[in-house]
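Student: Now for the letters of each chain:
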Amino acid sequence: MIRFYHVYQSYQKDVFALSDISFTINPGEFIFLTGPSGAGKTTLLKLIIREEIPKKGQILVHGQNVSSIPVNKIPRLRRSIGVVFQDFKLIRNKTVFENVTFVLKTLGIDLKERRRRAHNVLKMVGLQHKTHFYPLELSGGEQQRVAVARAIVNDPVLLVADEPTGNLDPDRAADIMNLFEKINRKGTTVLVATHDRDMIQRMRKRVISLNAGRLDHDSGSQVHGEEN
Amino acid sequence: MLQFLYFSFSEAITSLWRTRILNLLSLGTIMFAMFILGSFMFVGLNLQNLALDWQKQIQFNIFLTEEITEEERAEIQAYLGKSFFIDTFTYLSKDQARMRFDEKFAAYDKVTEGLEDNPFPASFEVFLLRGTKQQTYTTLKDELSTFGGIEEVYYDEEIFKRLGMFAGFIQMAGWFFGVIVIFSSIFTISNVLKLTFFTRREEVDIMKLVGASRAYIRGPFIIEGVLQGLLGASAGVALVYAGYLAVNHFLTGNATFILGNLEPEFLPLQWVFLILFAGAFSGLLGSLFSLHQFLEEHISYH
Ligand SMILES: Nc1ncnc2c1ncn2[C@@H]1O[C@H](COP(=O)(O)OP(=O)(O)O)[C@@H](O)[C@H]1O
Ligand SMILES: [Mg+2]
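One line per chain: the protein sequences are R and W, in this order. Going by full-length UniProt numbering, the first residue of the first sequence is number 1, and it counts up by one from there. Going by full-length UniProt numbering, the first residue of the second sequence is number 1, and it counts up by one from there.
Read the hints as simulated data drawn from the structure, not as lab findings. Heads up, a few of these hints could be off.
Keeping only pairs whose Cα atoms sit at most 25 Å apart, straight-line, the calculated DSS-like set for lysine-lysine is [said to hold, decoys possible]:
no.: 1; chain 1: W; residue 1: K194; chain 2: R; residue 2: K94
no.: 2; chain 1: R; residue 1: K73; chain 2: R; residue 2: K89
no.: 3; chain 1: R; residue 1: K112; chain 2: R; residue 2: K94
no.: 4; chain 1: W; residue 1: K194; chain 2: R; residue 2: K89
no.: 5; chain 1: R; residue 1: K94; chain 2: R; residue 2: K123
Here chain R is said to cover these stretches of chain W; the calculated rule only asks that three of the stretch's residues, wherever they fall, bring their Cβ under 8 Å from a Cβ of chain R [said to hold, decoys possible]:
no.: 6; segment: 15 to 29
no.: 7; segment: 198 to 210
no.: 8; segment: 213 to 219
We put the CB at the ideal spot given by N, CA and C, even for glycine.
When you get a sec, could you build the whole thing from the sequences and use the hints?
Tutor: Now the structure itself:
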């Protein structure tokens, strides 16, 4: 599903945001990616959706080498991955409904179906009553939950979330984690970057920890599928 | 394809409306530029009309000899009747010519009073169609001189020289300023559009990150630019029309001593379409330029 093979990334010469990262994530796994801020979590996630290209090493996602896939295949790759961005990345002049269903609309899915799906996911994150609000009319926590709804609306094969509970109170955070578990049980691979130690301990999942761009510790795969 | 067009139009129209305050800036720019272009065309068109009207007043006179026979006169008349370029012609007998002179120059009636014989020749007064080339006048003159019973064929060649210079000047100025106006409008408009679209770079980045394909990002922006261009140009044409009504009102309300009885003419439909096209085209260029920067430079697909 995801494989990193001696991956390096740097933004300035000789300063590595990631160095020599190797791991494999199997289909259906639920993984926490942790480490102090600045450890390289966001950078790693950016590499997976090909927002960035690594300086060295290979990355396979769904069996495709993301550094070398043709440009016109990138949108499809990104659509197969649901992403909750650390800074939400909601479009300001679109409503919650439009933000959540934008990609569905580009795929030609009709309004009725889009409404149905938006209603479902917004209910899951407890925002069904804010469908026609604009992002700036919502609190940070609410915006974050819209980002979660958008990430899961198209039934992604892989869900990637960058500190998705960072702006939520503990109860809401637990709700979102339960939601991720539910999605994971339906077969979606889930990768959550967080520095919330309590949550990680509670959930008892595989943990990959980074420190200063290096892979510090990997608690190991708990799913024994064939490597992908 | 249909789905793509539907998508692009619905996104473009929503976005035009949502960012209407910002869009007023580009809309206003397009309107202003197209108003300038339209007014320019309007003035040029009417100056040209004016020149043609002056030309229409050129008299083409065929003075007949004293000895002309009835048949010769009939032949000339038949010839004039057949000619394609002739708008109207009238026969003026010797007596009518004298009478007209007396009427016109009543103060000088002493001049003709004493004359026993009528010195005025009979003639045909011919008016050629509006816009007839000087060459046609010459040809007509040459052909007529082969007829019997004609003393002299006369028209004012000087006028043609002056009109030719005037028309040439209008045309040259038209091309010169027209090209400048068109290019600077397109340049200004696409820059303003680029500026307003620039504020939406973030939006485009997000669309890319959530997996919208290139065409679906481009489509709405392009349609939006074209629609903005069309809307602005329509508003510009409307302004020119308002100007036309005002000029018309002014001219009918006032003595029109310089312009004769010229009625200003509004831009023909093709020109209106040309202006709308220029607006749409600059909108298209503006959105293409900015998209090129968004799509290729920032969070890349590469
Ligand atoms: N666009 C960038 N330009 C320069 N440095 C960056 C950029 N993005 C991240 N970094 C640096 O890379 C390192 C890892 O950052 P990041 O992946 O955001 O960490 P985390 O998400 O774990 O907090 C940090 O030192 C950060 O300053
Ligand atoms: Mg981060």
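Student: The structure should be examined with respect to each hint, and the outcome stated for every one.
Tutor: Do the hints match the structure? See the list:
no.	hint	verdict
1	W:K194 with R:K94	21 Å, holds
2	R:K73 with R:K89	22 Å, holds
3	R:K112 with R:K94	18 Å, holds
4	W:K194 with R:K89	22 Å, holds
5	R:K94 with R:K123	19 Å, holds
6	15 to 29	holds (count 3)
7	198 to 210	holds (count 8)
8	213 to 219	holds (count 3)
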